Each structure stands twice: as structure tokens, then as C-alpha cells.
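Could you slot chain B with the ligand onto chain A? The hints should help.
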Amino acid sequence: MTNSIPEIEDTDCIFLIGSNTTEAHPLIAHRVFRGKLKGATLIVIDPRKIQLTLQADIHLRINFGTDVAFINGLMKCILDNNWHNPEFIDERTEGFDQLRKSLEGYSLKRASEISGISVEDMVKVAKIYATSEKSAILYTLGITEHSHGVDNVKSLANLAMLTGQIGRPSTGVNPLRGQNNVQGACDMGGLPNVYPGYQVVTDDNVRAKFENAWNAKLSNKVGYMIPEMMDRLIDGSVKGMYILGENSVMSDPDTHHIRRALSSAELLIVQDIFMTETAELAHVVLPGACWAEKDGTFANTERKVQRVRKAVDPPEGAVPDWKVISEVGKRLGLNMDYSSPSQIYDEMRKLSPSFAGINYERLESGGIQWPCPSEDHQGTRFLHQGRFTRGKGLFHVINYRPPEEMPCADYPVLLTTGRRFAHYHTRTMTGRCPTLHNEFPTPRAQINLSDAEKMGLKDGDLVKISSRRGELTTPVQPGDIVPEGSVFMDFHFMKANPNILLGTSLDPVSKTPDYKVCAVRMEKVIEQNSATQSITEG
Amino acid sequence: MEYKFVRTTCPYCGCGCEMLLEVLDGKLVGTYPSKSGSMNYGKLCIKGWNANEFVHSPDRLTKPLIRKNGTLEEASWPEALDFTAKRLAEIKETHGGDSLSFLTSARCTNEESYLMQKLCRAGFGVNHIDHCARL
Ligand code: SF4
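Heads up: the protein sequence lines correspond to chains A and B, in order.
Reminder that position 280 of the first sequence reads as 280 in the working numbering, one-by-one numbering, no gaps.
Reminder that position 12 of the second sequence reads as 550 in the working numbering, one-by-one numbering, no gaps.
Because the hints were derived from the structure by calculation, they are not lab data.
Predicted, not measured: the structure shown is a model, and the values here were computed from it.
The calculated DMTMM-like cross-link candidates involving lysine to aspartate or glutamate, where the alpha carbons are at most 25 Å apart (straight line), are:
#, chain 1, residue 1, chain 2, residue 2
1, B, Lys624, A, Glu327
2, B, Lys573, A, Glu293
3, A, Lys217, B, Glu628
4, B, Lys601, A, Glu293
5, B, Lys542, A, Glu293
6, A, Lys38, A, Asp12
7, A, Lys101, A, Asp80
8, B, Lys630, A, Asp235
The following label-pair restraints were derived from C-beta to C-beta distances:
#, chain 1, residue 1, chain 2, residue 2, range
9, A, Gly386, B, Glu617, 49 to 59 Å
10, B, Ser595, A, Lys330, 25 to 35 Å
11, B, Gly608, A, Ser340, 36 to 46 Å
12, A, Ser340, B, Tyr570, 20 to 30 Å
A virtual CB, placed ideally from N, CA and C, is assigned to each residue, including glycine.
Bound-form chain A, shown alone (with noise of 0.2 Å):
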């Protein structure tokens, strides 16, 4: 996030986007509900009912995967209209001029089109976002688990700088992670392109930095991205692989191809607090201790580095991953003999600026948010004040390219993808915690009553889902949350996995896969009850 949590109550325009903020955030979701108290308006952009879109002022019901082609239509609207920051454009960015004149000839008409968004909404938003005193937007993986997601985030970041909507409190371009640590592990270089602090592998004083402090000679190419990984394991190119905590069979697109590209490694080490369905395919497996039994930090989605202590010890036989790797480190001759992680949290500071302030005493009294460089920083609550990162901010020509996959006569139903409050991923962990367990205990796909009527479906009713890559059956909770021809899945059970479904185009930049939007097959399953059974045991 370019700004923080709790400022978001403090906003006068929240610009929510592709974010089930109660069900994913459910606390930056109560700030939001503090920001309306006081006054905010809240603008909801999302294909589906969410529970937000009760609250909000505003709610456009925009057409999957087509964010670029209606955030292109809020900036000419909003340039037509003069409504832009010609000051803010002025000093602190480039690039204007050729966003600018792609916009000239930009139709609304087409946009509203493309969207489903009436024109009359688009410059009802664009005025109430761009002349509000402090507007934020908020987005979480509804504009970036797409083919085109890079484009998604660009456009909102050209919709900001337009309109000077950042570099100041309650402002901003906020993207809310999702899993708890997502921050932290690209803060700490997991990454093939950066090391820890976003220092980049292909800058010579950077590199020899390194080289020095870890006595090894380094690489100046830029590494592998999950997806090429996985497609290197098929063609035999990559031999081997360690990972750490991640259940990559359930979480990755497209179940088959990891399973055959995880089947095929010489050597898989996978380290984890259970057996996991990525786990049983491995060679090696390391059991790790889970944040309950171990000190670290972890960095929330405001960039916020906050203690973990270890409250109680780890079940006999599991040691804190920390160890493990290490162990493994010095086998190979590594210097990797660490006592404790704030003996390896000060080799890291040490090498990285951004965090070069932060150490455990100070944590003591708190999280610190980076970039904090040194002991006296008293940390950075929102970025860019004053400039950008980069200098001037960079304003990109982004063109609407429509989904790669989109339903067809053979499949007419388009299938997004999500997750659901009482649940947490892979559900490893939730579906082993009772109260969340009985809260949420089988899979629903949600489609729209009229199509459950046509289809003579019922709630709890199973249905076959099938697409190009394979075919599920899952219970079925007819609704208004999402449009007619569509049905949405969350993908926490392994018996009704909507992964098998997705297919495994990428965004060309971040090789993100999409799980947004893929085109299904719907059936009514002729035999309910057998069917039942199979389902509910998952």
C-alpha cells in the first residue's frame, strides 16, 4: 500500500476495486465501514453483489476483466471535463502529453460497451473520485489475478497521478495483500528479479554488495517465475526444487500441469507444518514449526514489520524453518550459522536501506512501517510524499485487451474464482480449526437464481462444471451476488478445486496467471444423493 490502514477512515472518496475487502480484509474492511461513518463516499467496482455494495453509495456492476477499457473512459472523462491536477502533473510526473493524446480520440460510448457501465455512471465516478479533497483506492486480486493485471494496476496508477490522488495522507494506490506475509517475502528478495530491499540482481554495485557479504559469487540474470519453473520441471531444464510452506498443487492454476511438472522433479524437498497434497509428491519432507512456536516478523500490507514470538514450543520432532534452513545452508558450506532470527534480521538490515532502521528493540514498541533507514526514522506511514520513488512518476498508454478466455457456444458460462470468510487458502490450516471448519464446511459454487431456475436447480443441488482443462462437481447456492451467465467458486476444497478448471494464460509482465475469468460447461447432476456423499467428504 502507498498508504496506511487506519488513514483509510480519514478519506473522502474510497475507489473500491475488484476487492471482496469483508471477506478477505475483514479489518480493512471496518475501516472502510469508519470512512462512510465520517462521511466518505464508497464506490464499489465488482461484477458481484459483495456485501460491501450494501453500503456503498455507489455500486457499478462492471463486466469481468474489463477494468482497463472503463478506467480509460474515467480519465477521459475527466479530462474532458478539466477535473485533472495540471500542478501535480506538472511537477512530479511525465508522460502526460502521449496519455493524453491516446485518450483524444477514446470513445465513452465504446467503453460503456465494453464495461456494461453507463456513461452517465463513468462521469458520475470520475467527478466524485477526481474533485473529492483526499480519494483512495483500495484493490486486492480482482485487478491483478489477471492475464492482463500489470495493465490493471498501471491504469489505476495513471488514474491517481491525473488526478494528484497521492502522496498524501488518505490518498493513494492500495493494493491489500493477501496472505499474511506476502509483503515481507518480497520485501526479503523472494523474488527472482530483486534482493531483500527491492535491490535489483542486475545492478553491478549491488550485486558486489552482496558477492562481499556472503562470500559467494553471484548471478546478474534475472531468475525464474513460478510458471517458467513449473515449465522447465516438464521439459527436464530444472531438476530440483525446495519449497518452503506453499500447498503449490492446490494454490496453482491449472491442478494437472504442477502435478506432472512437481512428478517429474529428480529431487522435490518440501518443507511444511502438514501433510499437503504438494507434499506427498516430494522426495524430502522437512516438518517446520508454524508462527505460534517461533520469533521472526512478519510485514502487513501497510509495510508494517511487526514481532512474532513463540508462545509455545513446537510439537516434538518439528523445528522452527529458520534452522532448517540454515542447516541445509551450512551442509553446503554456507555462512548460515544464525542463534537467532534478530541475528539474521541485522544481517539483513545491515545490506538493505529500506529496512536498515528496523531492529528487534525498537520492534518492542511496536511495528515500524518502511521505508525506515536509519535507528532515529521513525518509519514511513504513506510513500511518495513530495516525489516518487522513481523521481517523476511515469503515466502509461494502456489498451483494453479483452480476457484471453471467454465463454463460447461450447462454454457459454464464465467462472470466476475467490475466497470465502471463514476460510484461508488451501484451508491446511482453517480446515483443522473446528469453529471455522463448522462455519464453512463444503464448497459452493454461486450462480445467479434465473439461470438456477432455468436449470431447475435448487440450493445445495450438485452440478457438473466443466472447462477445456477438466471437470468438477460441486453444490450449488443460487443468488443475486453474481450477474446471469456466471457462477463464482472459492478454492479452498480439494474435491471441488476450481484450479482443475482455470487455464494457465499468463499476464506477460508478472506471469500471473488468470483466475478471474475462464469459460465452463454447467450440468445438473442426474444422480443427486450418490454424488452428495462424494462432495461432503472433501
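This is chain B with the ligand only, laid out in the frame that chain A set:
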């Protein structure tokens, strides 16, 4: 009897709510929201309130496993660690560091992600490290 509260951060979503784990004789018995947490000021969602429930699950893995003749068999820690390091080194030796890939976890701590990428980069001279950020 030992009874205490340990302040920590929720393991589930990116909100990063602060919580207190209730510990009785070395076992977790409850979870409470932290009142002073600037993020959640005394509140948690249903996942957070029940965060302690999976920790003592009987399904937890407690023995390293090594695949022998097609099946995963229990092994000692020294054996599993030696095997892991030996096989990684062998593959690097025969096929080069480029033939190895690493996934760190958005569930683990910062310190553990730091170590995973260090292992990958310093140990094998490649940048083939990623995690589920995009998923
Ligand atoms: S308590 Fe709920 S909202 Fe807070 S971090 Fe945990 S899962 Fe997220």
C-alpha cells in the same frame, strides 16, 4: 501451573492484526485481540479469533520423511538434512545451479524468506527464487 499471554501478529491475512495468545502449561488455549494494536485496536475477525485452533492438531508433521523405493519413510533429522544437502549438491554438480529452483513462503517469517533467497542465490549462483505473491 504456568499461565501467560504472548503478544504476536495474526498468521492469516495481510491486515496484520495484533493478538495475544493465551498459553496454559505450554499449550495454546485461546486468542484475544490486542487493544493497543494500531491496526485492529481490540478487534479480530473470525479467523483471527480462532487462530490457535490448528496449532496442536494431531495431523502436524513431526518426523522428517525420505522417499525410499517409492514411499515416504520416517528418517532422523541428521539423515534428512544430510540427504537434502547431498542431493542439492549433486544436482548442482551434474547439471549446474540453473537446474534448481526455490519457493519461499508468504506464510513464513521475513527472516525465513531472507534465508531461502540467500540459500538459492549464494548456494547455487542463480536467482530462481519466487513465491506465491502473484497468486
Ligand atoms: S484477525 Fe482477521 S483481519 Fe486481522 S489479520 Fe487475522 S485474518 Fe486478517
